[in-house]
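> The primary structure of each chain is shown beneath.
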Amino acid sequence: MSLSNLTRPWAAFSYGFLDPSAKREIRRKMIKAIAVPGCQIPYASREVPIARGWGTGGLQVTLTLIKPASVVKVIDQGADDSVNAASIRRFLSRVSGAGETWDTLAATIVQSRHRIPEERLRDDQVLVLQVPNPEPLRPVQPNMSIARQMHADADYGRLWLVLYEQMVRSGRIMQGAAYPALVNGRHVMTPSPIPRWDVPKLNMARHLTFLSAGREKRLYAVPPFTRVEPLVFSDVPYKVEDHTRLTCHRSGLTGVFMNEIPQAAGGSVFEASDSHLGIKAIRRAEGDAAEIGPLWYQNGEFRG
Amino acid sequence: MSVLDRLAPELITGAPLLVMQGIAKRYGPVVALEDVAATVWPGEVLGIVGESGSGKSTLLRMMNLEDTPDTGTYTLALPEVAGNLFDLDRFARRQLCARRIGIVYQNPHQGLLMGHSSSGNVAERLLVAGERRFATLRARAREALDVSEFPLNRMDDPPRLLSGGMQQRVQLAKAIALEPALLLLDEPTTGLDVSVQALVLDTLKRLQRDRAITMVIVSHDLGVIRTMADRVMVMRRGRVVEEGLVDQVFQDPQHPYTQELVHAKL
Ligand SMILES: Nc1ncnc2c1ncn2[C@@H]1O[C@H](COP(=O)(O)OP(=O)(O)O)[C@@H](O)[C@H]1O
Ligand SMILES: [Mg+2]
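From first to last, the protein sequence lines are chains Y and P. If you use the working numbering, the first sequence corresponds to residues 1 to 304, in order. If you use the working numbering, the second sequence corresponds to residues 305 to 570, in order.
Next up, chain P with everything else stripped away, as it sits in the complex (with noise of 0.2 angstroms):
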């Protein structure tokens, strides 16, 4: 039996969607990331845990195809791609994020055009991929908006005007807009109230439930990673130091690192 067989949810048997092996990048002196492995299946949510700096959002960007590594291999189980992605040229790797990823990031200035109005954000996803009928966009833009519990009489204000909660939930209604294969959260609810941070985390957890949406989410909050992840990654300084299910690695964990995160929180 191969370790990802014995880290796979018991109930999970099909093959994986996401596998990525291998990722190794620095940045000049700066490892970012070494030796890196990922896996997730379809449907559930892989939590990523660890310090600032580890590395968390640099495996963010390469699994949402903004970045490339220097080594490694990202495959995707999806119809229309087959190998390595980052083999993919850059035109295709676009097309490919735009139309099968959706991602939201801590910093909604990075997800969002901040004066265009907020169902325009979402419009711009459809747009890209390819959708040219007016009617049709405005509805699945609101749809997409009301799915992600954003008040829909403030849908054409632009982000700029609305608070940091409401700046979340636009940057979720345009990550969900086209129904993605793999939804990217980087610490996605970091820097909002605790009473804020509840209710975005409820919207998310609904819609996982709901959805059934395959989910990668980073944070560097235990609470968070406990209400959503089925399983975890621990990591630090770049690599992986645990992984596995979300409750037995809160409550035996077994890397010393991962011990002071979990008895630091509690």
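Isolated chain Y (complex conformation) (with noise of 0.2 angstroms):
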């Protein structure tokens, strides 16, 4: 069985595979997600043809985004060519007539699982962030009723105790990927497994993000403009992950954020982990006259 005998191709009044009530629950809870930024809102998940834990809650959320005059870039780890990327770039595609993209700049919708592009998004571009642990409050209350309710007191101590224990017992926060921010000063939410070196981009930004999760059947977002500050101790700094001092390897690139790439003979190259922005970089190098737009980071240091 394959793809094309799942889905019709896309027709001009009939496209993006969710029926229209689907889309519509779906578009409910996205709205309702942006008047309350940062809350977790639950939404009656479909069954989209991939399978649980490979992106469908951000799937549906673009699906019902996208239109045939989309473009769209899919990223998995930072690479538009690994197979899941592709793939889902290419579902989208065909049941929804919009084009495909690796080019940041071109995308009109970006999804994206452990990353954020490393140019700028801009106000006419939505990010979709797959989420496969929606809930921040899970390491310290499996209760998801309870954490609910903590949700709705704002209660959030056990959080910062665990911040706490960390500082306590290794001297420094040791919570990398997923770090919890708090949402317009109101909700927490965990920004999907994004580095740290990626959280800043969310905040006061000026695009639009959704993020999702298929199994737990929850969505939430940061609107354009929201505060999104990680859980710190004032005396204690947020510290993004330390890659100014690394060069890519294959572009030369500086001061974006680094994969190592562990070598057979020992030791480790770095490269850049934002593929496509590589590739761009390499083609300039080149001579050719390939854009690369402004970046959130110059030298190491967040710009915004």
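Note that these hints are calculated values from the structure, not bench results. A virtual CB, placed ideally from N, CA and C, is assigned to each residue, including glycine. Be aware that one or more of the hints could be misleading.
[Stated by the list, open to error] Short, incomplete list of chain P residues facing chain Y, as computed with Cβ under 7 angstroms:
#: 1; residue: G424
#: 2; residue: L431
#: 3; residue: V432
#: 4; residue: A433
#: 5; residue: R437
#: 6; residue: F438
[Claimed, not checked] In silico negatives: residues of chain P with every beta carbon more than 10 angstroms from chain Y:
#: 7; residue: T440
#: 8; residue: S499
#: 9; residue: L505
Hints are included, so try docking the two chains, each in its own frame, into the full complex.
Given below as structure tokens:
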């Protein structure tokens, strides 16, 4: 069985795979999520032709947003060419007529797992993050109905307690990816498994972000120009991964988030995690006119 | 002269800190509290005695704003609140409770996160009240544990690994970390060895003397009440049967139930 048996091609008034009632459900919950930034909104999750845990949550939001004039970029850990990213992108295009791109500047919708592109997103772009576990309180409160009450009460003492104990035990904050952040001064969210490097990109951003978990059937949003503040002690500054002094061994890029690639001969080299940015840098070095947009970070410093 | 004026210790002439009136609570057919009134003046210790099931813990839970009665009012003379505290919304109640009221439960599982560090249990209180400086959290947790005569070399051990007496000291440190206006103690030494019990009572006594904390202490043990309290309320089947200065009530009990209690103890 192949994708073409399972899906119809798009038509001018019927596209996006989901039927109108499924879209209406998700659209309503997306509007709710925008109205209460960072608050997890339950939704009726539909079956989509990829396995749970492979981005079904993000996919449903993208399918609801997409139209034939959209241009989609799909990344997995920063890369456009992984099997998962490529098949989601192809699926989106097939069922909606939308264009496909690897270039952040050309995209109207960016669906991503684990990363936010290094080029600054604009106010005409929407970021959709796939979230495996949407509940920041899960490590401190396994009972989900109590966790919901804790959100209602803004009772986040235990999250702070975890950070306090990391400081006591190791003298620093150990939390890496999915660093909890307070949205709009009210709800703590987990910003999906993006690295600490990417969390500041959500703060007072020009673009709209949706975060969606298909298995847990919950979505939440960070509207444009909304405060997103990682939980930090006022005397222990928030630190992003220290990649300032690393150079991408393929593109020569510096000051961006890197993947470490261990070498057979021992040691390791580094490679820009935002792979298409790397490709554009190589093209430019070869004399092509590849446009690189303004970056969030300059010389390893966040500029926003 | 009202009843309250007659009951107040002679030296206390100011306004009471805590006033509860007409408190009633039923759990299905069980009457847990029936027309209970209580008054506590700043700096004094009110003892509550009574047999098991007489409603002592229920009353204390209401003072801690964890539970609301079917009828009745509760006021605390604090600048940030006015009127019946049971009318506050859930959020305001929780804030008031976290910032102004400390509680020590008989069962440490009720008051502590047993798997987290002891200092963290104290720090959480400060975090909930909005403290965000790590160095300050650390220093104030240490100080509160020290004042509670907790061995500081164990301050980062989880309560799970501590003795019962030490667990009660962690609860106490957590309860006093924010210098509460009201400290509630529900059978704080019940279940401890007699010698440990005496040491914990010593700590409480010293705290009360040094800081003049207003306390309400519940116990079914007349000895504990005699050591700690200025005034005592005797409860039976959800009602207050007698109330007065400790010496007066224990020496010359008026209600037959109190007489029974006192004589059984002697
Ligand atoms: N949550 C509850 N649900 C049902 N009954 C309760 C509850 N809390 C207390 N009670 C009942 O109310 C009465 C008073 O209980 P309690 O205040 O715990 O007494 P004490 O602390 O004096 O031993 C008891 O009969 C008890 O069983
Ligand atoms: Mg009790």
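> Now tell me, hint by hint, if it's right for this structure.
Taking the hints in turn, this is what the structure says about them:
1. G424: holds, 5 angstroms
2. L431: At 4 angstroms from the nearest chain Y Cβ, P:L431 passes the 7 angstroms test, so the hint holds.
3. V432: Result: holds, 4 angstroms to nearest chain Y Cβ.
4. A433: violated, 9 angstroms
5. R437: With a closest approach of 5 angstroms, the P:R437 hint holds.
6. F438: holds, 4 angstroms
7. T440: The claim is violated: P:T440 sits with its nearest Cβ about 8 angstroms from chain Y, within 10 angstroms.
8. S499: holds, 32 angstroms
9. L505: Fine: 30 angstroms to the nearest Cβ keeps P:L505 off the interface.
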